[in-house]
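Engineer: In order, the protein sequence lines correspond to chains C and A.
According to numbering that gives the first Met the number 0, the residues represented by the first sequence are 0 to 274, in order.
According to numbering that gives the first Met the number 0, the residues represented by the second sequence are 0 to 288, in order.
Mixed in with the good hints, there may be bad ones.
Quick list of in silico lysine to aspartate or glutamate cross-link-like pairs, EDC-like style, CA-CA up to 20 Å [claimed, not checked]: (1) A:K85 to A:E119; (2) A:K127 to A:D145; (3) A:K280 to A:D241; (4) A:K12 to C:D272; (5) C:K269 to A:E53; (6) A:K85 to C:E82; (7) C:K1 to A:E281.
In case anyone wonders, no lab produced these hints; they're calculated from the structure.
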Amino acid sequence: MKQLMQLARADIGESLRARWFLVYTIVFGGVMVGLFASGLTESRIMGFTGLSRLLVTYLQITMAILPIFMLITTVRSVVGDREAGVFEYILALPVSIGAWYWGKLAGRFLVVFLPVFGAMLVAVIWGLIRGVGIPWFQVLFYTGLLASLAWCFLGIGMLISTLSRSTDVAQGAAFMTWLFLLLFLDLILLGALIQEGLPAESAVAIALVNPLQAFRTASMLLFDPQLVLLGPSAYVILDNFGYKGYLTFAMSYPIIVGLCSASLGFWIFKRGDYS
Amino acid sequence: MIRFENLQKSFRKTHVLKGLDLEIARGDRIALVGSNGAGKTTMIRCLLGEYTHEGIVTVNGLDPRTHRTEVLGRIGFVPQLPPPLKLGVGPLINFAAELCGSDPARMIAIAEQLGLNIAELKGRPFVKLSGGEKQKLLIGIALGRDSDLLVMDEPAANLDPVARQVFFGLLAERRDNVSMIISSHRLDEVASLVNRVVELDRGRIVLNDHVDDRLDMASVLDCVIDLAAANPAFANAIGAWDFAEEKDGARWRGKVAGPDRLRFLGMLSRYAAVLQGIEMKERDNEQVV
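Extracted from the complex, chain C is given alone in its bound form (with noise of 0.2 Å):
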């Protein structure tokens, strides 16, 4: 455990000092500060006014956003190392490879979520003081939705950078995945796929394997008990989880789908070359 910390530590350092988080961090802040910008939280859209309107809207961005960052840059961790001559050194120090790779895990997962969550923060720092009603329940569902959504696509980037030989494979592998769980989304090809008759059970439990679309639904869930938006298939999702499981299961099976990634990840990162 003591290698473990010591190792996250220095993931933190050396994330903190990477170009990447600067422009992550810019991402999420000026997205936040764009949604103020605009004067969204003033406006009245669908019934939602004040801090809950700027949560969904930012939820929904941060959606399109997170994964696709976290791939990128998690997916160069194992394979660009490896490429740079980093695990030559680093693996030659007293250290064991489980601690070694939890601690990076450990470490990117504090980088990464921590501007995501900054900017949920500084949200609810500016509702107190301007006296706009929190919607505490929303802001820590959705920060748990974020963090459970972060360690998903971090565990996908793991697996899919000890799996890689190149950069820039390991690359082009991220942008595919995420291109294919977006495309997996109820508003394009499930869509389509509904369009031309899938029986609804399917396309649902379709949407239920996405790890973004269990995200998204959640997401709607919070504010449209009913998942009106959803249309039909709603129906499906509510008679089998009910409010209050599908919750727990939108919170609980992304950080599954993570670890479980991640493990594969180490098992196959420790069975090989490390360098």
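Chain C is fixed; fit chain A onto it per the hints.
Structural biologist: Coordinates of chain A only, in the frame set by chain C:
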């Protein structure tokens, strides 16, 4: 202490190591030489547990892959190419010291002996240091910890003459207690540091011999070089050895680390036509070489 038995390593269809058998005892200082692609780095990486392989590699009876922390806890390593770490110099030293169970002050002391100003560089990312600074810091980290084995890949390649001299002295202090594997393309670069030579060629050991090691690694030679006339090219070359100019460039005076004498003579041989006199005296016993 270290045993390689029928060590084989392939990358897809390329057989890099083709059945190496080698035993290294405590106190052995080995020059691992061979041309590019001979298998030196692969052999070192197998020893450090970084590669899967066929055959057996053990350090004190332990497999480096399955007993990583025990084995690597006693090995100091200096890579040929410094890793592009963005970590700051201070955090890197602390990180390595914590992992190795050493005191960061020991590592800093050695790096400073080599001429590195750690206080000045502490906040700078490692990757932003010059080649020589990186090498000095990595040597500081490797020598600033307890170890039974030093594995060094071209360790002195980026060092200036003064730092080389200090480095040789530091190795001399450890020669009785620590085994060393020093990898190099050229034997003359490391010949004076070692008591054994192992040469690899296309994945096989083609030479495994002991060499005379009476040379004192910490020795220093006072040198005076006389030229027939001043020569700009020679001035440039000897300047890299920190020699001082006399008689308008016709005489050069300086000192050379004992283990560097062969390398120095190699450099002088390029200017044989303009050389008029060479005097090299070892400081301790005044013996003319």
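Engineer: Now look at each hint and say whether the structure bears it out.
Structural biologist: Hint check:
1. A:K85 to A:E119: With a Cα-Cα distance of about 17 Å, the restraint between K85 of chain A and E119 of chain A holds, given a limit of 20 Å.
2. A:K127 to A:D145: This hinted pair is violated, its Cα atoms lying about 28 Å apart.
3. A:K280 to A:D241: Satisfied, since the Cα-Cα distance of roughly 17 Å is no more than 20 Å.
4. A:K12 to C:D272: Distance ~16 Å between K12 of chain A and D272 of chain C Cα, so the pair holds.
5. C:K269 to A:E53: This hinted pair holds, its Cα atoms lying about 16 Å apart.
6. A:K85 to C:E82: holds, 15 Å
7. C:K1 to A:E281: It is violated: about 50 Å lies between the C-alpha atoms, which goes past 20 Å.
When each numbered hint is compared with the structure, violations occur for hints 2 and 7.
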